[in-house]
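Please build the complete structure, drawing on both the sequences and the hints.
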Amino acid sequence: MSGLQQPTIISSGELFILNGCTGGELQPMPFFRNKNLRVLSANLDRAYVATEPTIWSSPLGELPPCSVFCFKADLCEPEYCPEFESIEAPIRQIAFGSSHTLVLTTEGVLYSRGVAMYGSTGHGGARDVPEFTEVPALKGREVRFVAAGPFYSIAITAQGDVYSWGKAFYGETGLFSQVEAVPRFSSQVTPFKVTQVSCGHSHVLARTQMQQCISWGENTCGQLGLGQKSKPTYKPQLLSSIPSQIQTVSAGWAHSVAVGTDGRAYSWGLNSHGQLGLGDTTTRLAPHLLHDLINVHEVVACQAARAFTMFRTAQRALMCGQIPPDPAGQPMDFAPHRPGHHDPPGCILAPVPLSLSEEPGCKGMGELSEIVAFDKGAIAFARSAVYKVSPNVAPIQGGTKVCAHVTGLPYEEANVPIQDQLAVQVRLKSHSPNCDLIVKGRVIGKDLVEFETPDASPSPLRALVEQGTTLPVSVRVSIDGGFTWTPDRFAAPPARELEQTLKQLPGEQQRAGYGLSQGPKDIQSGLSEVKGDFEARRKAIKITSQSAAMLWLCKWPTEGPTQVEPGCAPVDGGTEVLIHVALPARMPTDNLTVKFLCTPKKSLNDPELEAKAPMRRDAAEITNPDKETVAKLPLAGVLEVPVIAFLDPGGRGVCCTSPPLDAESVAYYNYSVMVSLDGHNYLPRPLPFQIFDIHVAELQPQLGVLTDATEVRIRTTGFVMSDIFKVRLDFPKDLQWPPKLLPASYDHTTGDIVFHMPALQEAPKEVQGAGGDGEAAEGGAGEAQADRLAGVEVFVELSLDGQNFTEDHMHFCYIGGIRPEALKLLAGPEGAPEEETKPKGKGKEEADVVTLHAGSKIGCVTTGLPACRDFISAVLKAQLCGEDGETLKTLELPAVVETMESEGQSEELITALAPAIPSEKFPDAGGLFLKNFEVSLNGQSFSSCPEIPAMKLEPLPPDPILIALHCSVPGSAQVPDRLA
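Heads up: the sequence shown is residues 1 to 980, going by UniProt numbering.
Incorrect hints may have been included.
[To be verified] Keeping only pairs whose Cα atoms sit at most 30 Å apart, straight-line, the calculated BS3-like set for lysine-lysine is:
(1) K401 to K429
(2) K952 to K889
(3) K632 to K602
(4) K601 to K632
(5) K931 to K952
(6) K952 to K824
(7) K595 to K612
(8) K72 to K167
(9) K193 to K139
(10) K740 to K726
(11) K167 to K139
(12) K35 to K446
(13) K231 to K167
(14) K921 to K824
(15) K401 to K446
(16) K193 to K229
(17) K921 to K931
(18) K627 to K601
(19) K877 to K952
(20) K595 to K401
(21) K889 to K877
(22) K401 to K440
(23) K555 to K440
(24) K632 to K595
(25) K931 to K877
(26) K35 to K72
(27) K602 to K627
(28) K235 to K193
(29) K446 to K429
(30) K555 to K595
Quick caveat, the hints were computed from the structure, so don't treat them as lab data. Quick caveat, the model's predicted, so the values are computed rather than measured.
See the structure below:
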């Protein structure tokens, strides 16, 4: 219950308090910011804090003034204690009981004041001591340590002698007498060579020079740890039942706690509120190991209060026992508790970590260096510590501006701020190879120290860095010119462990069996895997945190990145981009950044589009603008978009996700990407990049036969050239088919993107496999499948980066086979009736030949036509032959689908107009005929019409005007061709 084990002088940090008003968490006390904390002490119902100014200078060499503040009971605001002003020497320790106070200076002088109840002040007699006065009996004896109980005190001198005085009804002074009004030499305790003493209510614990624990005093609750209850004793009892070497001890009201040098904690005595931390409320008469802390928390200190106990690890505080209750009796909804356990209300039966309420962004970064406890709460001090370095990677040649994030730095906003008066230095140190560099720094903000990295090339680090590795150096900060430094919190993580953090963390990859185990063995195995993943993740996060608090020196890649893939991304963002660049090994990635640089264009050679540019629109709103100046303006402002990057798992370079940009301005910029290892300095050689806002405008054709592949051309808007062209087919939901990806290519002649729609006779293979059949449908099954799929509309989406596809929902319709039934002449040119009679004077066979004139309407009666007529691009194909039957040309005539009445019935026909072919086109043909007619709904998949006699096509007569023009040209011997 008494104060610190060792006196402390601390240059900077933050003070936290836990009591009934803080809701069960350690909350910061801004009152003590910008003050040097010198002493912390707590006991019974209050705690003292001694401070000094952060900046102090005296031409006469005077010591800085010491101000002491007191926290009483549940109060969160400290009270100034003017009685300590009489102590001129620097204070080393403060110890106090119920009605007396002791002050030990750095010179070894002990002062006391208070009510002389049972001689607790040590001045002899029953006279009170209103002011601090040196204890007469200890004059000339250099006191090194002092502790106090309610009405007794114990002091240890530099020679190891133990003196005690005050009430000793239970032998707590280690003296045979029950009351001593002046310090008496304790012949029973001194032989143990005590180095630390902790005073409880009526019992005492001490740590010896041999790192053993001794106890004496009251033992009604087993607080002496002897294995049984016994009468009080003034003779120290050695506790051989503790196997560990003792690092620190603490005595509570009626319980005791000890911590070994191995980080293990032991407790014994009264356990009414779970203050022993053993998971129950059973009193223990001998030391018991706290098993819950083994392999989880390594304890370095402990503090026992009236009904609770505080344990301190390297970075945090643990608590067990009674939670300090709210003084108004309000429930504490967010009080610490043990998950999965039903502890008594207001109590914690095993140690749990306490939340450290800190500034946003540095949660959990504070490092508790001291903690003291009293009946109503506790006070903790987190010394200044570097918790983050940004950027945390820099070239070994130096010259990089770096910010060290340091907790508890003095900082204020004033005309002459305190931080400007600090002698800030930054120390960069490496142990293997050995390197120690110190540079100047300055406080630029709250918890921020800026410095410039030095040139470490002449150091031993260069040899390893030149080999392509990255070396860490610890970053420590001093605000007093190098007299004190922040602690070296972390050692450099091993290379193997660091490389694991650069890869995918455990648990991010899906594992089969999670949540699907059926037997007890499988469940146990699954739980073991989950626990292993959790431990590995926690370890990886810890190592990542350690690496963020160090500065990593490396050889900077001077050549920059070499390639980016894909070379384009949609304006909506979301594309995973890989930038090929050679990076140093073991490099941390906290500040790895990719910047998308948008450089405005000066002209588009499109006045209408340029007028809509952002800068042009802004200039148009200016009254009487200078046209020459406006003409020189770029189309848009410079735009830089940095994004977070990460290492490529394959070791090829850096990966990132493209950011979303403004779709209306995408045409006014040229784009490029740049890489930065530290988030500030970018590598040379920006790589060209493209941002597009592409949309599918048209599919040609938009339908195809189920049984044949169809070549489809995609016409787009907003197209940019890319090396990647992919098409995604989205099938109707009722088919439950997965999307299908298809390759595509770019037609440089037409500017279209070309791909082949596959035949759809059967379900995709992955769907067949799921059904267990796996065989292609044949015969009647295939026909049934085709009938079922006829009319299916598939969405076609396009991607230029292989990842992000358009969402234009352009349809492609699959149709079944069509059945041409009869081909006939429907009308003459311009709709005139066509006589299908044999001409006079001709033979019977010649009279049966159908004669077509240019513009005659012919049609093929066809059944099985689809309902989706909007997608049809019909074609009537025929072979143009001469009189000898030799094919002269294949004609593809544009056609349409029409419904006509014939003999009282409706017929659907594919109709086209007979072509107009000049007679001079084929002068040696002897006559033109059309035969072998075929029809198609998309110009690719054709169905043959029933065979009929060839139709005679009357060519156009020679044009006399053209002939006259041709004959007027010298040297002309032939009639010019006229193309249809």
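Hints, one by one, checked against the model:
1. K401 to K429: 18 Å, holds
2. K952 to K889: 15 Å, holds
3. K632 to K602: 8 Å, holds
4. K601 to K632: Since the Cα atoms of K601 and K632 sit roughly 11 Å apart, the hinted pair holds (cutoff 30 Å).
5. K931 to K952: Holds, at roughly 9 Å.
6. K952 to K824: Holds. K952 to K824 sits at ~13 Å (cutoff 30 Å).
7. K595 to K612: 27 Å, holds
8. K72 to K167: 24 Å, holds
9. K193 to K139: 21 Å, holds
10. K740 to K726: 10 Å, holds
11. K167 to K139: 22 Å, holds
12. K35 to K446: Holds. K35 to K446 sits at ~15 Å (cutoff 30 Å).
13. K231 to K167: 17 Å, holds
14. K921 to K824: Within the cut-off at roughly 26 Å; holds.
15. K401 to K446: 17 Å, holds
16. K193 to K229: Roughly 26 Å between the alpha carbons, so the hint for K193 and K229 holds.
17. K921 to K931: Distance ~19 Å between K921 and K931 Cα, so the pair holds.
18. K627 to K601: With Cα atoms ~18 Å apart, K627 and K601 stay inside 30 Å; holds.
19. K877 to K952: 15 Å, holds
20. K595 to K401: 19 Å, holds
21. K889 to K877: 11 Å, holds
22. K401 to K440: At roughly 12 Å apart (the allowed maximum being 30 Å), K440 and K401 satisfy the hint.
23. K555 to K440: Roughly 23 Å separates the two Cα atoms, so the pair holds.
24. K632 to K595: With Cα atoms ~27 Å apart, K632 and K595 stay inside 30 Å; holds.
25. K931 to K877: Roughly 9 Å between the alpha carbons, so the hint for K931 and K877 holds.
26. K35 to K72: 21 Å, holds
27. K602 to K627: 15 Å, holds
28. K235 to K193: 14 Å, holds
29. K446 to K429: 24 Å, holds
30. K555 to K595: Judged against 30 Å, a Cα distance of about 21 Å means the pair holds.
In this structure, none of the earlier numbered hints is contradicted; all agree with it.
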